[in-house]
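Number of protein chains: 2
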Amino acid sequence: MDNPLERTVSLLTRTPRALDALLRDLPEDWTHRNEGEGTWSASGVVAHLIHCERTDWIPRARRVLEFGETRAFEPFDREGNQRESQGKSLGQLLDEFTRLRSESLEQLRAWNLRAPDLDRRGLHPSLGTVTLSQLLATWAAHDLTHLHQISRVMAHQYREAVGPWGVYLGVMKCDGHSSG
Amino acid sequence: MDNPLERTVSLLTRTPRALDALLRDLPEDWTHRNEGEGTWSASGVVAHLIHCERTDWIPRARRVLEFGETRAFEPFDREGNQRESQGKSLGQLLDEFTRLRSESLEQLRAWNLRAPDLDRRGLHPSLGTVTLSQLLATWAAHDLTHLHQISRVMAHQYREAVGPWGVYLGVMKCDGHSSG
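The listed protein sequences derive, respectively, from chains A and B. In terms of this note's numbering, the first sequence has 7 at position 7, counting the first letter as 1, and numbering is strictly consecutive. In terms of this note's numbering, the second sequence has 1148 at position 148, counting the first letter as 1, and numbering is strictly consecutive.
Don't read these hints as lab results, they were simulated from the structure. Since the model is a prediction, treat every value here as computed from it, not as a measurement. This list has only true hints and no planted wrong ones.
In the EDC-like style, the derived pairs of lysine to aspartate or glutamate whose C-alpha atoms are separated by at most 20 Å in a straight line are: (1) B:Lys1173 with A:Asp175; (2) A:Lys173 with A:Glu160; (3) A:Lys173 with B:Asp1175.
Make the full structure from the sequences, and use the hints.
Put into structure tokens, the structure is as follows:
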């Protein structure tokens, strides 16, 4: 495996199925509770992933391909997940994420990107110059940071239930490192 | 959902499918690399979960039911995963974990535990007195701490690839909190 794009796509393809297998029809005690005021539940994280699928990865990649560094990405709306989740069950959110991810990967394949394309540069509103390769790698790592978050938010619901074993469970000590 | 045992089982049932959906046939760059010497790859974590299924959860629950606090649990062998994984592909490990978890849950159902049973006490070799309820809750939280670990170990493989975005990805800053 020496093609970083294939490696990235292999993970992006699996995330919706993994989240579906973990979360669908799980009791709401696991999926709708968060870590306290202003934090996200597992269900809220899925809504965030939907919002990113709509507004972040493919739209930003398209901007790199069309405008290079001459037009910066739109700033990302971190609260967009609230709009995405309104009135929807977790099952509906999982279905929507699966559909949108599939459409994103279809668009990515249609671009038929080659190694030189991955070096093309874009402009991030805060981070400055970034490459298309970095954007696509971040898409996959972002799936992982939110899987990391979901496992932590769910474990948080059992922090009392495990009693003295809490000291052995690393996830119980994770504070999220300020994001994800 | 006010039955903590049902809540625990609902998660325990889903973990093998979630890991399968995430990891099966994923390139080895994702699944067989670790975070440095003495650390585990995603594949090594699955081997650890197999080892726990054999030696930890159900055997310890059985000891609580049979001996209460009069006989302590066997200490857990943290290196047992190396023996479990020898000569096996990740696909084989995932199959084995799925089978063993299913057998564990079958045994758990066969005990037909009631609320008073969950208060029964056992003796942990380091932690002292624990309850069956705490043991079973820890089984589920342990799945989550290792899902947390797998997402972190995989993200570690992309720490260079994401370039400047690393600062926004909490999982890249996680050091595992000494365990899991």
